[in-house]
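Peer 1: Chains as they are written, first to last, in my numbering: chain Y, 43 to 240; chain V, 43 to 240.
Hints may contain errors.
Copies of the same chain look alike in the list, so a pair counts if it works inside one copy or between any two.
[Said to hold, decoys possible] Below, simulated EDC-like cross-link-like pairs (lysine to aspartate or glutamate); rule was C-alpha separation at most 20 Å, straight line:
hint, residue 1, residue 2
1, K109, D126
2, K109, E184
3, K240, D212
4, K97, E141
5, K109, D84
6, K74, D84
7, K97, E76
8, K240, D217
In short, the hints are calculated from the structure, not lab data.
What you are looking at is a predicted structure, and each value in this text was computed from that prediction instead of being measured.
There are 2 protein chains.
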Amino acid sequence: MRILIIGATGTIGRAVVAALAAGNEIIGASRKSEAAPVDIADPGSIQAMYRRVGKVDAIVCAAGQAKFSPLTQLSDADFRFCLDNKLMGQVNVVRFGLEHVADRGSITVTSGILARSPMSGSGAISLVNAGLEGFVRAAALEAPRGIRVNVVSPPWVRETLIALKMDPSDGLPADAVARSYTRSVNGTETGLTMEPSK
Amino acid sequence: MRILIIGATGTIGRAVVAALAAGNEIIGASRKSEAAPVDIADPGSIQAMYRRVGKVDAIVCAAGQAKFSPLTQLSDADFRFCLDNKLMGQVNVVRFGLEHVADRGSITVTSGILARSPMSGSGAISLVNAGLEGFVRAAALEAPRGIRVNVVSPPWVRETLIALKMDPSDGLPADAVARSYTRSVNGTETGLTMEPSK
Numbered sequence: 043m044r045i046l047i048i049g050a051t052g053t054i055g056r057a058v059v060a061a062l063a064a065g066n067e068i069i070g071a072s073r074k075s076e077a078a079p080v081d082i083a084d085p086g087s088i089q090a091m092y093r094r095v096g097k098v099d100a101i102v103c104a105a106g107q108a109k110f111s112p113l114t115q116l117s118d119a120d121f122r123f124c125l126d127n128k129l130m131g132q133v134n135v136v137r138f139g140l141e142h143v144a145d146r147g148s149i150t151v152t153s154g155i156l157a158r159s160p161m162s163g164s165g166a167i168s169l170v171n172a173g174l175e176g177f178v179r180a181a182a183l184e185a186p187r188g189i190r191v192n193v194v195s196p197p198w199v200r201e202t203l204i205a206l207k208m209d210p211s212d213g214l215p216a217d218a219v220a221r222s223y224t225r226s227v228n229g230t231e232t233g234l235t236m237e238p239s240k
Numbered sequence: 043m044r045i046l047i048i049g050a051t052g053t054i055g056r057a058v059v060a061a062l063a064a065g066n067e068i069i070g071a072s073r074k075s076e077a078a079p080v081d082i083a084d085p086g087s088i089q090a091m092y093r094r095v096g097k098v099d100a101i102v103c104a105a106g107q108a109k110f111s112p113l114t115q116l117s118d119a120d121f122r123f124c125l126d127n128k129l130m131g132q133v134n135v136v137r138f139g140l141e142h143v144a145d146r147g148s149i150t151v152t153s154g155i156l157a158r159s160p161m162s163g164s165g166a167i168s169l170v171n172a173g174l175e176g177f178v179r180a181a182a183l184e185a186p187r188g189i190r191v192n193v194v195s196p197p198w199v200r201e202t203l204i205a206l207k208m209d210p211s212d213g214l215p216a217d218a219v220a221r222s223y224t225r226s227v228n229g230t231e232t233g234l235t236m237e238p239s240k
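Given only the sequences and the hints, what does the whole structure look like? Please build it.
Peer 2: Shown next, in the form of structure tokens:
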């Protein structure tokens, strides 16, 4: 398969690249990629990436920023940033990607556990993650030519907790998270929110 | 109680007004209201409404527009409209409303069944409804002074189906939907997505 991985240099993206590398052609997209530079907050940048990359069998997006902050400190601009980036960025990866995916191909995007299990400070992130999951459930119903659309909702990732100097013991290693992406790419399911676990 | 009902002239809003009228002071807000005019897509308009209305014990919002359309026909501007209106409009009703609600008061907003049970054409609406539910779960954790925050996720409303000339037999009457709002206003629950049923 020819697989486009957006956010290929991130913690999850690197693990997805490693999990899917054998036997497939991987195109790694990211803000600083030479092969496929993209800023998902910019719809035109997504369109340019797809034109440059051409037809693929699968698209995986593990990119998108959102802001963790107490509710009273989240500004109008903070919400706008989160909506434009992790939410509409990935919605647009799906919308614009449909015509660039081969018949019976797949698109997989990324939400996160705060969609369902919020914590203080997650107001904007919980909104973005839950909204993306709602969108994917609906978009999967309309995807043409047997194309499947899923969203992976990772728990806290072990490597991320270590980078944040938090207790990593409750985190799931990135290579275990990557298994949900390979299941989405190689499987037959569509419209699902996939929740990686041990 | 002093209760502000935003969208008071809509199908659900009228039923909520009727259900809560006895023994309470109701302030009906809507785009054409004289007492409390508001356009929830405009953050400044929400702020002006709150300044005009003053302190309340409960806020109910049954307002907000989103567009039902095939995914390939939803434009960037359509998504922006839905995000600004039903999603961020109600997020801002909560964010700005917290300081205008009395101790142990409540804020109740409105999503809809397409959050979890999508259909072809519901891409933007499913996004908006699910995103609002994710936001409410998180915001409830940070609401100060014992203020509760819930979201009602109505099924298809019988009166709406009749207005759309669709089969009303599967619809729930608006007065049954309104019971979830009275439960949110009068109860002790918070952070919930309340799903009205028969």
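Peer 1: Next step is simple, just say for each hint if it's right about the structure.
Peer 2: Checked hints:
When the C-alpha separation of K109 and D126 is checked against a cutoff of 20 Å, the pair qualifies both within a copy, at 12 Å, and between copies, at 19 Å. Taking the closest pair of Cα atoms, K109 and E184 come within 20 Å of each other only across two copies (16 Å); inside a single copy the shortest separation is 31 Å, beyond that limit. With identical chains, the CA atoms of K240 and D212 are at most 20 Å apart within one copy only, with a shortest distance of 11 Å there and 41 Å across copies. Taking identical chains as interchangeable, the C-alpha atoms of K97 and E141 lie at most 20 Å apart only when both belong to the same chain, with a minimum of 8 Å there against 52 Å between chains.
Taking the closest pair of Cα atoms, K109 and D84 come within 20 Å of each other only inside a single copy of the chain (18 Å); across copies the shortest separation is 22 Å, beyond that limit. Proximity of K74 and D84 under a CA criterion of 20 Å is satisfied intra-copy only: 14 Å inside one chain copy versus 36 Å between copies. When the C-alpha separation of K97 and E76 is checked against a cutoff of 20 Å, the pair qualifies only within one copy, where the shortest distance is 18 Å, while the shortest distance between copies is 56 Å. Only within a single protomer do K240 and D217 lie at most 20 Å apart by alpha-carbon distance; the minimum there is 11 Å, versus 46 Å between protomers.
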